[in-house]
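Novice: The listed protein sequences correspond, in order, to chains B and Z.
First residue of the first sequence? That's 0 in numbering that gives the first Met the number 0, and the numbers climb one at a time after it.
First residue of the second sequence? That's 0 in numbering that gives the first Met the number 0, and the numbers climb one at a time after it.
Among the hints, erroneous ones may be present.
As the list claims (entries may be wrong) - Computed cross-link-like contacts, EDC-like style, restricted to lysine to aspartate or glutamate with a CA-CA straight-line distance of at most 16 Å: (1) B/Lys6 <-> Z/Glu124; (2) Z/Lys131 <-> Z/Glu190; (3) B/Lys312 <-> B/Glu408; (4) Z/Lys42 <-> Z/Glu171; (5) B/Lys403 <-> Z/Glu171; (6) B/Lys403 <-> Z/Asp78; (7) B/Lys206 <-> B/Asp152; (8) B/Lys400 <-> B/Glu264; (9) Z/Lys42 <-> Z/Asp220; (10) B/Lys49 <-> B/Asp152; (11) Z/Lys116 <-> Z/Glu86; (12) Z/Lys131 <-> Z/Asp186; (13) B/Lys15 <-> Z/Glu100; (14) Z/Lys75 <-> Z/Asp58; (15) Z/Lys210 <-> Z/Asp186; (16) Z/Lys115 <-> B/Asp326; (17) B/Lys312 <-> Z/Asp205; (18) Z/Lys42 <-> Z/Asp206.
Hints in this document: simulated from the structure, not taken from any laboratory.
Quick caveat, the model's predicted, so the values are computed rather than measured.
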Amino acid sequence: MLNTNYKIAGVYLTAKPRQTIVALLGVTFGISMYVFMISFVTGVNEMTNKLAFTSFAHIRIYNDGPKDNTDLISEKSNETALVNLRNAKVIKYTTGIKNPAELIKLLQHQPEVTGVTPQVNVSVFFRNGGNKINGMLSGVEVDAENRLFTIADYMVSGNWNSLKTQPNGIILGVKLAKSLRVGIDDNVNVLTAEGIMKNLKVIGVFKTNMGSIDGTKAYLNINSTRQMLAKNQSYVTDLQIMVNDYKVTAPLVQRLSTVVPYNTESWQTSNQQMYAQSKLYDMVARAVSFTILLVAGFGIYNIMNMTINEKIKEIAILKAMGYSGFDITVIFLTQALVIGVLGGIIGMLIGFCLGYIVELIPFKMGALDHLPMAYHVKDYLMAFLFGLATTFIAGYMPARKAAKIDPVEIIRS
Amino acid sequence: MEKKIALKANHLVKYFNQPEPFQVLKDLSFEVKSGEFLSLTGKSGSGKSTLLYILSTMDTAYGGELTINGIKLTGKSQDQLAAFRNEHIGFVFQFHYLLPEFTALENIMLPALKLKKKSREEIKEKAYQHLKLLGIEEQALKLSGKLSGGQQQRVAIARALINDPSIIMGDEPTGNLDSKNTQVVFDIFRELSEVYGQTIITVTHDDDFAKNTDRIIEMSDGRLC
Chain B
0 MLNTNYKIAG VYLTAKPRQT IVALLGVTFG ISMYVFMISF VTGVNEMTNK
50 LAFTSFAHIR IYNDGPKDNT DLISEKSNET ALVNLRNAKV IKYTTGIKNP
100 AELIKLLQHQ PEVTGVTPQV NVSVFFRNGG NKINGMLSGV EVDAENRLFT
150 IADYMVSGNW NSLKTQPNGI ILGVKLAKSL RVGIDDNVNV LTAEGIMKNL
200 KVIGVFKTNM GSIDGTKAYL NINSTRQMLA KNQSYVTDLQ IMVNDYKVTA
250 PLVQRLSTVV PYNTESWQTS NQQMYAQSKL YDMVARAVSF TILLVAGFGI
300 YNIMNMTINE KIKEIAILKA MGYSGFDITV IFLTQALVIG VLGGIIGMLI
350 GFCLGYIVEL IPFKMGALDH LPMAYHVKDY LMAFLFGLAT TFIAGYMPAR
400 KAAKIDPVEI IRS
Chain Z
0 MEKKIALKAN HLVKYFNQPE PFQVLKDLSF EVKSGEFLSL TGKSGSGKST
50 LLYILSTMDT AYGGELTING IKLTGKSQDQ LAAFRNEHIG FVFQFHYLLP
100 EFTALENIML PALKLKKKSR EEIKEKAYQH LKLLGIEEQA LKLSGKLSGG
150 QQQRVAIARA LINDPSIIMG DEPTGNLDSK NTQVVFDIFR ELSEVYGQTI
200 ITVTHDDDFA KNTDRIIEMS DGRLC
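Construct the complete structure from the given sequences, taking the supplied hints into account.
Specialist: Structure (structure tokens):
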């Protein structure tokens with residue numbers, strides 16, 4: 000029986016090819032736009048994330064200093080006591096992370112962790128003669144740092160690995176080097192808050208295209224940094240952690256915060272603006288594509304309604320011959336779904352081609368030389384399912400209407 | 000031998016609410032014997048078409064009771080009635096009502112494909128036989144929309160016959176045909192009732208047509224007279 004219904008649906012679809020093609024184009028357009036927009040926005044997000052994760056990790060563990068003691072009175076005093084507190088000061092406290100080796104081991108045993116690297120970060124003044132610039136000196140383990148952040152790829156001059164062999168070598172951000180008016184083999188003076196001063200030789204310049212990083216950051220070998228600060232050989236201020244899926248950091252952070260006595264911060268918390276931005280891009284893209292799909296859905300609804308009005312006598316005659324309401328629904332729903340499936344497949348292909356072509360367009364800005372695109376099977380499936388759902392709903396309503404037609408009324412009129 | 004009762008109408012009552020409340024059928028009771036060739040006549044507005052559509056099971060908004068082949072049909076669901084029509088009732092309408100985008104052959108096959116008692120090949124074979132019987136086998140593969148009025152009506156008759164229904168109903172089946180084609184259709188009906196024992200109920204305006212049938216039920220103002 001179903002075969003016959005499908006056959007009738009097929010005849011109706013091919014009898015008026017122009018109508019069918021118009022409906023098909025609507026869905027095709029909707030799906031292809033959906034696929035294209037999502038590819039584009041995902042591409043942009045992935046690109047910015049990739050850039051961002053060259054300078055900060057997915058999760059960072061650091062010692063935030065002693066507990067906040069700005070309000071010493073309320074917990075100590077009672078109503079009868081008179082309190083006189085003046086000029087409160089923070090007493091000396093331990094900076095850095097205690098026993099980092101053990102902590103690193105613990106972290107490496109977490110299933111989602113893909114890499115951990117210790118850093119000694121210290122805020123310093125860079126000086127070249129009269130030129131003074133406030134910035135951040137990062138003492139790093141050369142190999143581990145590169146494994147996590149692929150910083151070697153962002154070198155404009157010099158060699159990342161020479162940090163290993165030159166204890167007095169420093170690698171500067173490109174804007175920082177420019178403001179200091181230094182280049183390779185020039186000397187730069189570093190001054191810490193504690194008043195330690197050291198002369199270092201510029202052995203490289205990097206460029207991440209993130210202005211705040213390129214203008215303030217410099218890398219030094221972690222051991223040289225410890226030496227400079229007169230700290231022991233296991234001194235660490237930050238642990239940088241990479242996980243397998245950067246979107247999912249919350250569970251790990253929660254687990255760690257119960258055992259690690261330091262601040263554990265995910266990139267989502269420390270870079271809320273960036274996180275919100277990528278979410279918003281995503282929402283806008285989905286909203287726009289969804290609207291397009293909706294319009295295509297209305298197109299199908301209209302065309303199906305028209306078809307049913309045209310075929311109302313034939314529907315009545317089919318019912319007189321003994322075709323049930325269900326058969327009629329199947330006949331017209333099949334037409335809508337064929338349009339949905341075909342439009343979906345063609346739409347995905349066109350969306351892919353569109354993305355591919357747009358990716359070829361040169362777009363030179365910052366670190367980009369062409370527009371970013373991402374191709375994820377998940378997005379394509381989503382688009383296809385959305386398209387199918389839209390056509391199903393748009394087809395079902397008129398099909399139900401057709402199924403409820405009273406044959407007597409039609410045949411007698 | 001006493002012939003079986005094909006159709007039994009018991010106290011049929013029907014009201015129209017539009018444009019104003021009006022009783023169309025006033026307590027009709029009658030029986031039709033199996034193999035009878037019956038015509039329903041009467042002036043327009045007498046309720047004969049209304050009666051036919053109730054007998055055909057398509058109109059279910061009536062009072063009283065309808066029994067066909069011993070099966071009580073009053074109170075059955077639309078889908079049950081559709082299945083019943085498919086197997087037991089064949090229709091021929093005034094304006095042939097074929098599906099114009101299908102060939103004559105496909106139109107004839109549609110009710111049988113729904114019934115699914117035979118394979119596609121058998122149905123096709125049978126449809127060809129009917130086309131031959133009605134003298135239009137050379138039109139089999141033409142789109143039905145491209146056939147002449149007389150040819151279309153013959154295709155419609157073939158379609159009504161494909162499932163070997165026990166009752167064939169016609170709503171002015173010759174109303175749109177010239178006298179030559181009217182004669183053809185009449186001869187077909189006559190043969191069906193005499194040779195194959197099928198019951199035929201037609202509404203007609205054509206007095207000559209009615210005169211030659213086995214029995215005439217004349218209606219006026221919702222009553223039999």
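Novice: Work down the list of hints and note, for each, if the structure agrees.
Specialist: Taking the hints in turn, this is what the structure says about them:
1. Restraint check for B/Lys6 and Z/Glu124: not satisfied, since their Cα atoms lie roughly 19 Å apart, outside the 16 Å limit.
2. At roughly 15 Å between alpha-carbon atoms, Z/Lys131 and Z/Glu190 fall within 16 Å of each other, so this suggested pair holds.
3. As the CA atoms of B/Lys312 and B/Glu408 are separated by approximately 10 Å, the hinted pair is consistent with the 16 Å bound.
4. In summary, the hint linking Z/Lys42 to Z/Glu171 is supported, as the alpha carbons are separated by about 13 Å, within the 16 Å threshold.
5. Between B/Lys403 and Z/Glu171 the alpha-carbon distance is near 26 Å, which puts this suggested pair outside the 16 Å criterion.
6. Note on B/Lys403 and Z/Asp78: the hinted pairing holds, with a Cα-Cα distance of about 11 Å set against a maximum of 16 Å.
7. In summary, the hint linking B/Lys206 to B/Asp152 is supported, as the alpha carbons are separated by about 9 Å, within the 16 Å threshold.
8. Distance hint between B/Lys400 and B/Glu264 is unfulfilled; the C-alpha atoms sit about 57 Å from each other, more than 16 Å.
9. Pair hint Z/Lys42 plus Z/Asp220 holds up; C-alpha atoms about 9 Å apart against a cutoff of 16 Å.
10. As the CA atoms of B/Lys49 and B/Asp152 are separated by approximately 12 Å, the hinted pair is consistent with the 16 Å bound.
11. With a C-alpha separation of about 10 Å, the suggested pairing of Z/Lys116 with Z/Glu86 holds against the 16 Å cut-off.
12. Using a Cα cut-off of 16 Å, the hinted pair Z/Lys131 and Z/Asp186 holds, with the two alpha carbons roughly 15 Å apart.
13. As the CA atoms of B/Lys15 and Z/Glu100 are separated by approximately 10 Å, the hinted pair is consistent with the 16 Å bound.
14. For the hint pairing Z/Lys75 with Z/Asp58, the CA-to-CA distance comes to about 12 Å; that is within 16 Å, so the pair holds.
15. The straight-line distance between the Cα atoms of Z/Lys210 and Z/Asp186 is roughly 14 Å, inside the 16 Å bound, and the hint therefore holds.
16. Annotation: proposed proximity of Z/Lys115 to B/Asp326 holds, straight-line Cα distance about 14 Å (limit 16 Å).
17. Restraint check for B/Lys312 and Z/Asp205: the C-alpha separation of about 25 Å exceeds 16 Å, so the hint is violated.
18. Between Z/Lys42 and Z/Asp206 the alpha-carbon distance is near 11 Å, which keeps this suggested pair within the 16 Å criterion.
Hints 1, 5, 8, 17, counting from the list given before, are not met by this structure.
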